[in-house]
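Colleague: The whole structure should be built from the sequences, with the hints applied where relevant.
Per full-length UniProt numbering, the sequence shown starts with residue 1, numbered consecutively.
Source of the hints: derived by calculation from the structure; they are not laboratory data.
Keep in mind the model is a prediction, meaning the values are calculated, not measured.
Treat the hints with care, since some could be wrong.
Pair by pair, the computed Cβ-Cβ distance ranges are [said to hold, decoys possible]:
id, residue 1, residue 2, range
1, 173, 100, 15 to 25 Å
2, 202, 126, 34 to 44 Å
3, 114, 173, 32 to 42 Å
4, 113, 203, 29 to 39 Å
5, 61, 155, 40 to 50 Å
6, 75, 181, 40 to 50 Å
7, 62, 134, 26 to 36 Å
8, 153, 205, 34 to 44 Å
9, 71, 107, 15 to 25 Å
We put the CB at the ideal spot given by N, CA and C, even for glycine.
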Amino acid sequence: MRTYSKKFWQESWFLLPLVCLLIALIGLTSFWGFGIGKPPVAVAIALDLSSSTYAQGGWLGNESTMTKEVQAVQAYLQENSKTGFLEKPNDVLIFGFANSVEPLTTGFQSDSQQVQTELIQSVQNTSLPIRIGGGTNLDNALQFGINSLENAPNNYCRELLLVSDRDAPVDINISNNAISRDITINGIILGESAPDLQRTVNATGGL
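Modeller: Dropping the structure here:
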């Protein structure tokens, strides 16, 4: 897991390549373990949309953590669609979380343009912050990702990436659930250490 102080990561030039690099490493790790192109990869991306990620004036804004998270995922999707970046584009599902969880895209898709379109439509929906609340519940987010990845085909490598700006408790059963389903949990915490999430990431062999 990667942890960075807010003072350092707040600049867009840092956050965008950071998340792209980590997701690229997920693909490379799968390739090193199983051979080029085997197996295909399903990636579930959990974005923290809690109130601490808002712009000063509210939900979205150019300098908000939330906007930078979305921009980072957009940059990754552009790379995921390029010939030569991966032998086969990763199948991607994106969901947001705060107190509760809300899918931001429809199922796992390898069509990066479609995923990006659905992502933007979802985060621009003004009812989304009302539906998910303002807190940070990592258990709900991680379990939703695990349940979603469980539906990926058996021959897929299953990777969950969670991006958040703060620590929160993580039930020890989360890592057990992931391990029993051959799911690797990866994490980026922006702003403070996260011992519970770090323990979960380590237990599943994630980054």
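Colleague: Using the Cβ atoms, figure out if residue 114 sits within 32 to 42 Å of residue 173.
Modeller: holds, 34 Å
Colleague: For the pair residue 173 and residue 100, does the Cβ-Cβ distance stay inside 15 to 25 Å?
Modeller: Holds, since residue 173 and residue 100 (Cβ atoms, about 19 Å apart) stay within the stated range.
Colleague: A range of 34 to 44 Å was offered for this pair. Does it hold for the Cβ distance of residue 202 and residue 126?
Modeller: holds, 39 Å
Colleague: If I claimed the Cβ atoms of residue 75 and residue 181 lie 40 to 50 Å apart, would that claim hold in this structure?
Modeller: Given about 29 Å between the Cβ atoms, the range is violated.
Colleague: Determine whether the Cβ-Cβ distance between residue 113 and residue 203 falls within the hinted range of 29 to 39 Å.
Modeller: holds, 35 Å
Colleague: Okay, residue 61 versus residue 155 on CB: inside 40 to 50 Å?
Modeller: holds, 42 Å
Colleague: Measuring from beta carbon to beta carbon, are residue 71 and residue 107 in 15 to 25 Å?
Modeller: holds, 23 Å
Colleague: That 34 to 44 Å hint for residue 153 and residue 205 (C-beta), does it hold up?
Modeller: violated, 21 Å
Colleague: Starting from the hint 26 to 36 Å, judge whether the C-beta atoms of residue 62 and residue 134 obey it.
Modeller: Roughly 21 Å apart at Cβ, these two residues miss the hinted range, so it is violated.
Checked against the numbered hints given earlier, this structure breaks hints 6, 7 and 8; the rest are met.
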